[in-house]
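Working from the sequences, and respecting the hints, build out all of it.
Single-letter residue listing:
There are 2 protein chains.
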Amino acid sequence: MNLKQLSEILGLSQTTVSRALNGYPEVNEDTRLRVQAAATKHGYRPNSRAKGLATGRSMVIGHVIPSSSQHEMVNPIFGDFVAGAARKYAEHGYDMMFTNADDTSIERAYRDLFQRGAVDGVVLQGPKVNEPRIGVLSRMGVPFIVHGRATGVEGTYDWIDVNNKSSFQRATKFLIDLGHRRIALINGLEDMDFAQRRRAGYLEALHEAGITPDPSLMRSAEMTEVYGHHEARAMIQMDNPPTAILISSMISAIGVRRALNEAGLKMGRDVSVIAHDDDLSYLKNGQDVPIFTATRSSVRQAGEIAAEMLIERIKSPEGPVQTRLLEAELVVGGSTGPAPDRF
Amino acid sequence: MNLKQLSEILGLSQTTVSRALNGYPEVNEDTRLRVQAAATKHGYRPNSRAKGLATGRSMVIGHVIPSSSQHEMVNPIFGDFVAGAARKYAEHGYDMMFTNADDTSIERAYRDLFQRGAVDGVVLQGPKVNEPRIGVLSRMGVPFIVHGRATGVEGTYDWIDVNNKSSFQRATKFLIDLGHRRIALINGLEDMDFAQRRRAGYLEALHEAGITPDPSLMRSAEMTEVYGHHEARAMIQMDNPPTAILISSMISAIGVRRALNEAGLKMGRDVSVIAHDDDLSYLKNGQDVPIFTATRSSVRQAGEIAAEMLIERIKSPEGPVQTRLLEAELVVGGSTGPAPDRF
DNA sequence: TCGTATTTCCAAAGCGCTTTGGATGAAGAA
DNA sequence: TTCTTCATCCAAAGCGCTTTGGAAATACGA
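These protein sequence lines map, in sequence, to chains S and A.
Using the numbering used here, the first residue of the first sequence is number 258, and each one after it goes up by one.
Using the numbering used here, the first residue of the second sequence is number 258, and each one after it goes up by one.
Derived from the structure by calculation, the hints contain no laboratory data.
In this text, all values refer to a predicted model and were calculated from it rather than measured experimentally.
All the pointers check out, no bait thrown in.
Put simply, identical chains are the same to the list, so a pair is met inside one copy or across any two.
Here are the simulated SDA-like cross-link-like pairs (lysine to any residue), alpha carbons at most 20 Å apart as the crow flies: (1) K261 <-> A307; (2) K308 <-> N259; (3) K308 <-> A366; (4) K308 <-> Q372; (5) K298 <-> Q372; (6) K261 <-> A311; (7) K308 <-> R373; (8) K261 <-> T312; (9) K523 <-> P547; (10) K261 <-> R373; (11) K430 <-> G594; (12) K308 <-> I571; (13) K261 <-> L310; (14) K261 <-> A295; (15) K523 <-> R490; (16) K298 <-> R368.
Below is the structure:
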């Protein structure tokens, strides 16, 4: 069923039917009701491609899945972020499109998506330090929003981010106040912007307390469970092991916990642990009592906000730059305690 | 840059340029090269909406995210499945579209997506027993593939699934052979088809061994970490606790492990545990030695296969029904051992 | 009554592409 | 030479919608 057929059934022109359905004023209210009834009855749905062609808008927002070619890793936060965004998209009548691209072709993927008119805007996830994609998108003139920020990138752009630095600074200070001096940081990949910021917060807290950072206590890699286990295990075997560990992801924190258990160490007593918690739906940090002391910030909520900001940007491309800094909450759970007495 | 402009630059008709770029034979090879060079030089990308309108195909495949309204839960396998599928879509020139829909409007979401011409085919994830969506999609005539199957649905349809029954039957038998008699099952939601099949396998193995199933050892809910913890904790406090636990998800298995640790029980010695492992990229089951004894089947690979099957279906809508049953591998890890002597 | 708004509708153009049905000219056959 | 046959290209229609620029009919004012 297309517009033409529907209009013939109704004995009206396509113009009138189109207007009736799209809420234009120049159509009699009786006619509108008649049209709407017929549309529902016959299950008429305007063809999105034709509509897009005519209006010049696709009502689609693009995401690029950065399936890194080396590490075939899907970020666990992906699902929740997307679910949050999708909900808002749906509310505003947008669909969501994904394209897959490996590291080498991400830029082309974005360019392609936009220039062939497939999307009205894009979301850039997981920015690296000096993220080159931001410049590319800016020059292309495509509305976009960054989930995160990119140190070293010139110019302004819309972004939503967690205050990674302050949250890790606070978490570190929390541990220092508990008497910890040897605090390890199990972080994400070095070149990720969030990892740099978290490290900066960690270092600043150490600095404020007059603690010299120990490079052997700072690790970084893709944040899997196995990675957390591997690094924690290595560190507790050191001559001078850390008494506390800061971890950039709950998933890796689970690996850390596993390593501690294997070594017969008790979290919160022998070793204190703080993790960053994205509040994933399938991995809540305990029920009433949090398992891990954690810096918590819902990535799903970030997805919702990102979607709304992007839609706003699409609506007014020349509007003022929008930024949004979420503060992570420091929730205290059972994984932290006073530094053990080693003397 | 559109076709018209490009053809004017080249001094050729739109027809010829279009044909040159799409590999039709009726164009001189020199001309074709000239056209291709100009297209690259000017960064010409055919507008997908216009192309779609003209060809009648959208080159997009739809997924519906079933963000259940009650439990705001995103399935953790979502990311990996999608990453697998997306890769294949990209290889064949397809994009991937997501729509969000709550439980009540999923059917409408599919109908809408297809009837307005937004997608050429859809993927149906997480089928329930008697899944009504399958009938809907069949009647609509939209090419689709089911990730999973649906007991009780009449008619044939394309699907790819893991042999849930046989894998859980084998896993259960494995535990029985180790001397376990009280074996618990921490399963997914009752109405999910996979959960029913896993339970059937479990029950059959018990039956074969002459063990009467104990309803108090069978739990089912959405498979979060907290759920695994909660159920395991409850069961080990029973008068007659299980000596082995079968779990439908690695995430929940982690919760089970947490409960066992809290109770001072050692996995593999005091309680044996087998989990189903979807081989998620961020949650590998250990490195060399598997942590959990597990029934393993890569959901990412399932995504790839599903994508290829669907594309094949789109190509030949009248082709024979395609089904694919993957056998899960039983990997033996450190979480299982002989039943403890209780006498 | 006539002239002017206002309401309600429509024909046709246009969005950017593919594809049908030729047209043109060169090469080969007779 | 004249007639076919290819090879190569093009004009125009069509995909299904929105939107421009009226036209017709009705209401209103004087």
